[in-house]
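Trainee: Read off the chains here:
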Amino acid sequence: MYHYNSKDKPFIYSLSYFPPLYRRWREWIDFISPSDLFLLSDKEILERFSYSSLIQEFIIFKRKTSWEDLWEKLVKKDYKLTTLWDEEYPPLLKEIKNPPLFLIYRGNIIGERFIAIVGTRRPTQYGIKISEYFSRELVKYGFIIVSGLAYGIDTYAHKGALEGGGRTFGILGSSLDFIYPSGNRILAERIVENGALISEYPLGTRPTKYTFPQRNRIISGISEGVIVVEAGDKSGALITASFALNEGREVFAIPGRITDERSKGTNKLIQEGAKMVLDIIDILEEFHIPFIYKPKSEVVLTEEEKKVLQFLDFNPIFIEDLMVKLNMDISRLMFIIVSLQAKGFVEEYPGNRYGKRSDNL
Amino acid sequence: MLSKVKSATLWGLKCYDIEIEVDITSGVPSFNIVGLAEQEVQESKERVRSALKNSGFEFPLKRVTINLAPADLKKDTPLFDLPIAIGILSTYMNFNFDNEKTAFLGELAFDGRIRKGKGILSIVHGLKNNSYRKVFVPKENEFECSLIDGIEIYPVSHLSQIVRFLLGEINLSPIKFQYPEYNPVYEEDFSFIRGHYLPKRALEVAAAGGHNVLLVGPPGTGKTLLARAFSSIFPPLTYEEAFEVTQIYSAAGLLLEDSLIQKRPFRNPHHTISYAGLLGGGVSPQIGEITLAHKGILFLDELPEFRRDVLEGLRQPLEEGKIVISRSKYTVTYPAQFTLIAGMNPCKCGYFGDKEKECTCTPYDVKKYWNKVSGPLLDRIDIRVYVNRVEKEKIFNDNLEESSEKIRERVKKAREIQYERYKSEKIYLNSQLTPKLIKKYVNLNSRIRDLLLNTAEKMKLSMRSIDRIIKVSRTIADLESSEEIKERHLMEALTFRGLEDFISNL
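Sequences listed follow chains Z and C, in order.
According to the working numbering, the first sequence is numbered sequentially starting from 341.
According to the working numbering, the second sequence is numbered sequentially starting from 34.
If you're looking for bench data, these hints aren't it; they were derived computationally from the structure.
All residues carry an ideal CB built from backbone N, CA and C; glycine is no exception.
A portion of the hints provided could be inaccurate.
What the hints assert, rightly or not - Facing chain Z, from chain C, some residues (calculated, C-beta under 10 Å):
no. : residue
1   : Thr364
2   : Leu484
3   : Glu525
Unchecked claim - Label pairs and their computed distance ranges (CB to CB):
no. : chain 1 : residue 1 : chain 2 : residue 2 : range
4   : C       : Arg360    : Z       : Val664    : 53 to 59 Å
5   : Z       : Arg597    : C       : Glu353    : 52 to 58 Å
6   : Z       : Lys417    : C       : His303    : 49 to 55 Å
7   : C       : Leu289    : Z       : Gln650    : 54 to 60 Å
8   : C       : Glu352    : Z       : Glu452    : 57 to 63 Å
9   : Z       : Gln650    : C       : Tyr308    : 53 to 59 Å
Unchecked claim - A few chain C residues that don't get close to chain Z, going by computed Cβ distances all over 12 Å:
no. : residue
10  : Phe64
11  : Gly68
12  : Gly310
13  : Ser479
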């Protein structure tokens, strides 16, 4: 039986540079501890293992690499490492079939409730607004939003959580020293300050098409449920959803138009039994969290503002068309829109388009 | 035997006198031209020889040497054919002209005809300023020469004609100075463009304040149409401006049959254009598109497709209204005061911000697309407007849209207000305001300032955006002849921000 000792951390970490042995840790950990693997002499190791080419290779690996150096590099970076046996290791993640032996993270990894929001990298305006909205609202109920730091839905899920003053976790498909996509570096820093950036990969691991599906199991593994906002037929978000399903986590999906490429995946999920989400209550209900009805703060709107608001929708409308409908000149209309924007009712979209703000879903 | 004839050439847009000396001595027959004569001038030997023979004159079977002075100025025009021929003839013919105050310009054909030349207007104008009295020009360039008073201009079509005139056998009458009929024509009109309220208004503001414009929009929404109609709302060229433009076109050899260019130039170079093609330059200083767009409009469609170094080169002319081309062998300055109007798609797929289609680009794709356009160039564009598609019902709307003429009137008035305001400064229009001058001339009262700052915060505007909005609001207020910038002016200016704030917040 293996008894974990926090002094094993450097060895567990260094072992991850030799994946064949690292991945099959369950097979040997009861017979030999990670520290023994590195500290015992070659002869002793060979004695404990029945002879195998794998262990021969490991001995060669051990000769070429120095675990002290590997560990030193990690410590220098100020990255933290938590292993499966540590207190702070996310509890739900421990339960999945093949949890990572350790997580490297920046920020604060301790949290109570986690929910994942995932989706396509090329969202529509609808998807963007929805992910921002759910993220912003769910943090108010104490959820930490988990996502993958990718462009699109992931980005807006993180942003929504930060905007709502909550915490969010970004799970990477590479090691922490390769933030991908690089365009989200600033976002990553903000996540570190208000949550954590997490990776199961040792330093120097570049993202590949194999690492992303692997990291998806962590996204769903940490979380009580996964919300899929928009996903095409073959989206990676569906992989996350199927991981969640296999581990017995809740799967939520936002419905979309049946003709929309980017809603095909989510609609299919609903057809297969995922919970269709029409509002935040649908999510809270599953976790037996009471919905807090907060009366809208009384904002006084002028007659003109009300009139303009009537013509607005969540689908943004082009200002010229609005002018025609309202028969109003541009400067007057802009004045009203700017004031509605200040009061938090209206949001600007690219191309001189305006729509209702998604807080008021 | 020695003779001397005068001619002139253009270097850049400047006219330089050239003295042509012909020396004929006995010796082995030969024909040489010296004095930094380029290929064009070297070849003139064959043309002159043939033209003389075929016109019935004798080509001396002696040693003929031509010198073009000053010898350090490069000469690359075929216009010296005629003066060389006259110089040779005057060694043995008894011509009657004042060779100090008479100049000859013309390219010869083998049969003695005189061909049309480039830049005659500028050269003749320069000769006049250098107090020449007579000049002989190709008959086909007659039309442009009628713009110049104060020098006797004789249009000639054949070598034998000019010879007979110089011998006193026939009479030629000089071109009469004609003040051109001033009648600017506008081919396009805003009344033909349905819908597009916002872009049209943006162009009006741009014309009034001299602001550069960026039209952003999905493919097929009418960006090119709007750009073409842009010149129709500019006030007509003044006579001085028209003359300046005509000189440029004459020098570039692009003058057609009208004597004076009265339409504001509209140049629309393709995005494959080279550096020298757009900005000018080359082995000898060619005139670039930006100079051809002087006092007019330069339209760059598909802006991100232009070569980056070519676009970077636009910065100096946009700032200073001229381009200085410095090469190892020469430095010339060409005027280039133009209004830039650029067109581009909003993103790679073309539908970012479209009201019907959804954009399929990732934020990275969008940013990458915009990064192709140089930031410093974009900073010099005050008005950015999104051109969205027009509702189909509007296309068949019979209500007439406002005509360009009405808009032009407003633009003219707004410009006059600006000339008056900036008369003690070196600038003319709001677009030229520097941050320092904004402080001096643009007063926002505290209420408007607060409104602007609040809005800027809500809309996440950058400092540069705010500066541009202030300039543009100033022009909108000028269009209403309002001394004060009011709330509504500011609000309207907010619609001309384009996509920049969205791109930077992606």
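Trainee: Could you work out which earlier hints the structure fails to respect and list their numbers in ascending sequence?
Mentor: 1
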